[in-house]
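S.K.: Single-letter residue listing:
Number of protein chains: 2
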Amino acid sequence: MKIHYPNGQHPQQAYHASRDLPTPHRSIYAKRGMSLEDEINHSNQYYLARHIAVIHKKPTPIQLVKVDYPKRSAAVIREAYFRRPSTTDYNGIYRGRYIDFDAKETRNRRSFPLKNFHPHQINHMRECVNQGGICFAFIKFTDLDLVYLLPATILFNYWDEADQGGRKSITLTDIQHWGFQIEYQLNPRLPYLKAVDQIIAAEHKGVYHDK
Amino acid sequence: MKIHYPNGQHPQQAYHASRDLPTPHRSIYAKRGMSLEDEINHSNQYYLARHIAVIHKKPTPIQLVKVDYPKRSAAVIREAYFRRPSTTDYNGIYRGRYIDFDAKETRNRRSFPLKNFHPHQINHMRECVNQGGICFAFIKFTDLDLVYLLPATILFNYWDEADQGGRKSITLTDIQHWGFQIEYQLNPRLPYLKAVDQIIAAEHKGVYHDK
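Chains as they are written, first to last, in the UniProt record's numbering: chain A, 1 to 211; chain B, 1 to 211.
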C-alpha cells in the first residue's frame with residue numbers, strides 16, 4: 001500500500017533531502033561535516049572541562065574585502081569570502097602530545113573517496129607526523145552511522161598509492177582493519193582519546209611508524 | 001630652522017600618525033599587533049619550509065549573520081562580526097612538543113600592561129601548560145623596537161599577583177630578567193625557537209616548573 005504523506009514525500013526521504021539542500025544554515029556553519037563537527041566539538045568541550053585534553057577547532061579562514069566602521073559600534077564585515085584552510089581543522093595537546101586531525105564525512109557505504117582530502121592537508125599532517133605529532137582523520141560513513149579514526153600514517157599509504165595510479169578510495173573493510181571504530185557514547189559523544197591512547201601504545205611498539 | 005613639509009607634517013610624525021589611524025587596512029588585518037604578527041608569520045614560514053617546526057596563526061573567528069549564495073559563484077559573506085578568540089593566536093609543534101603562544105605589543109616604554117591579555121587566554125595557556133605544552137607570550141615594546149619571549153609560567157605569577165591587588169603591569173626590567181630577548185635577524189626575522197630550546201633545557205633542570 002502506498003501511503004500519501006501530506007507533503008508528498010516519505011518522512012525519511014524528506015529528511016535526507018533536507019540534508020542535501022544548500023540552505024544558508026547548513027552551508028554557513030557546516031559544509032558536509034556538520035554533524036560530525038558538532039560531535040567532535042562536543043567531545044572536545046567535555047575533555048577540556050575535565051582537564052583531559054585541550055583540543056579546539058580552528059576558525060574558518062575568511063578573506064575580507066569590505067568592512068564598515070559605524071561610529072560607536074563594532075566593525076561590520078560587509079563583503080568577505082570563505083578561504084580554503086591551509087592546515088587541518090583541529091589541533092591541540094593531550095598527554096603532552098601534539099594532536100592534529102581533520103574530520104570527513106561520506107555518504108558512500110563501501111569506501112571513502114580520497115578526494116575528500118586536499119593535498120595541503122595531507123602535506124600538513126606529514127609535517128606534523130615528522131615533528132612527532134599524532135595525526136589522524138575522523139571518517140564518518142553517515143548513512144551507516146559509523147565513525148572511524150584512521151591514523152595519518154595509514155592514510156598516507158593510501159594517498160601515495162592513489163597518487164601512483166592506484167585506487168582513489170579506501171574501502172570500508174580496510175578502514176575497519178587499520179582504523180579505530182569510535183562508538184557513540186553519551187558523554188563524550190565520541191570518546192576518541194581512547195583510540196589516541198592505543199595509537200600512543202602502538203607507537204611505543206613501533207607498529208604504525210614501521211609502516 | 002623650521003622646515004615646512006608639503007602636507008604640514010614632519011614625515012616621521014606623519015608615519016606615526018598613520019599607524020594610529022583606524023584605517024580599514026590596519027584595522028582589518030592588524031589590530032595593534034600588525035607588524036609583530038607579520039614578523040612571527042614570516043618566521044613560522046621559514047621554520048615550516050625548512051621542516052624545523054609547524055606553527056601557524058589561527059584565523060580570526062567570525063560571527064556570520066548573512067551570507068548570499070549567488071548562482072555559479074562562491075558564497076559571499078554580507079554581514080559578519082569579529083569574535084573574540086577563545087584561545088591564543090598561535091600553536092603548533094616543535095621537537096615533538098606542543099607550542100602555544102600569543103603576541104602583544106605595547107607603546108609603553110617602561111612596562112607591559114597585563115590588561116593586554118584576556119582572562120580566557122591566560123586560562124587557555126594554563127590548561128596547555130598542565131598538559132605539558134610550552135606556552136609563552138611575545139611582548140613587543142614597539143617604540144623601543146624590543147621583542148621578548150616571556151614563558152607563560154612567569155606570566156601567570158604576575159597575573160595572579162595583579163589579581164590579588166598587586167601591580168597591573170610587568171616592568172620592562174622584570175621582562176628582561178625573566179624573558180628572552182629575541183633579536184631581529186634577516187631570516188627568520190624572529191629566531192624565537194632558540195629561546196624555546198632554552199625553555200626546554202630549563203624545564204629539564206626544573207627551573208621554570210619550580211616557580
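Hints were generated in silico from the structure; no laboratory data involved.
This structure is a prediction, so every number in the text was calculated from the model and none was measured.
Do not take every clue at face value.
Any copy will do: because identical chains look the same in the list, a pair fits if it lies in one copy or spans two.
Pairs of lysine to aspartate or glutamate, EDC-like flavour, derived with a Cα cap of 20 Å [stated by the list, open to error]: (1) K71 / E127; (2) K71 / E183; (3) K194 / D38; (4) K57 / E127; (5) K104 / D38; (6) K66 / E79; (7) K168 / D68; (8) K58 / D145; (9) K58 / E161; (10) K194 / E161; (11) K104 / E183; (12) K57 / E79; (13) K58 / E37; (14) K104 / E37; (15) K58 / D163; (16) K58 / E127; (17) K168 / E79.
S.K.: Decide, hint by hint, whether the structure agrees.
M.R.: Status of each hint after checking the structure:
1. For the homomeric pair K71 and E127, neither the shortest alpha-carbon distance inside one copy (45 Å) nor that between copies (38 Å) is at most 20 Å.
2. Taking the shortest Cα distances, K71 and E183 never come within 20 Å of each other, neither inside one copy (51 Å) nor across copies (39 Å).
3. Proximity of K194 to D38 under the C-alpha cut-off of 20 Å is restricted to the intra-copy arrangement: shortest distance 19 Å within a copy versus 39 Å between copies.
4. When the C-alpha separation of K57 and E127 is checked against a cutoff of 20 Å, the pair qualifies both within a copy, at 19 Å, and between copies, at 16 Å.
5. Proximity of K104 and D38 under a CA criterion of 20 Å is satisfied intra-copy only: 12 Å inside one chain copy versus 32 Å between copies.
6. In this homomeric assembly, K66 and E79 come within 20 Å of each other (Cα to Cα) both inside a single copy, at 5 Å, and across copies, at 10 Å.
7. Within a single copy, K168 and D68 get their C-alpha atoms no closer than 45 Å, and across copies no closer than 34 Å, so neither meets the 20 Å cut-off.
8. Proximity of K58 to D145 under the C-alpha cut-off of 20 Å is found in neither arrangement, the shortest distances being 25 Å within a copy and 31 Å between copies.
9. Proximity of K58 and E161 under a CA criterion of 20 Å is satisfied in neither setting, with 30 Å inside one chain copy and 32 Å between copies.
10. Taking the shortest alpha-carbon separations for K194 and E161, neither the intra-copy value of 29 Å nor the inter-copy value of 38 Å comes in at or below 20 Å.
11. Proximity of K104 to E183 under the C-alpha cut-off of 20 Å is restricted to the intra-copy arrangement: shortest distance 16 Å within a copy versus 42 Å between copies.
12. In the homo-oligomer, the alpha carbons of K57 and E79 never lie at most 20 Å apart, since the shortest distance is 24 Å inside one protomer and 22 Å across protomers.
13. In this assembly of identical chains, K58 and E37 lie within 20 Å of each other by CA distance both inside one copy and across copies; the values are 11 Å within and 18 Å between.
14. Proximity of K104 to E37 under the C-alpha cut-off of 20 Å is restricted to the intra-copy arrangement: shortest distance 9 Å within a copy versus 31 Å between copies.
15. Taking the closest pair of Cα atoms, K58 and D163 never come within 20 Å of each other, the shortest separation being 28 Å inside a single copy and 30 Å across copies.
16. Both within a single protomer and between protomers do K58 and E127 lie at most 20 Å apart by alpha-carbon distance, with minima of 18 Å and 17 Å respectively.
17. With identical chains, the CA atoms of K168 and E79 are never at most 20 Å apart, being 37 Å at best within one copy and 39 Å at best between copies.
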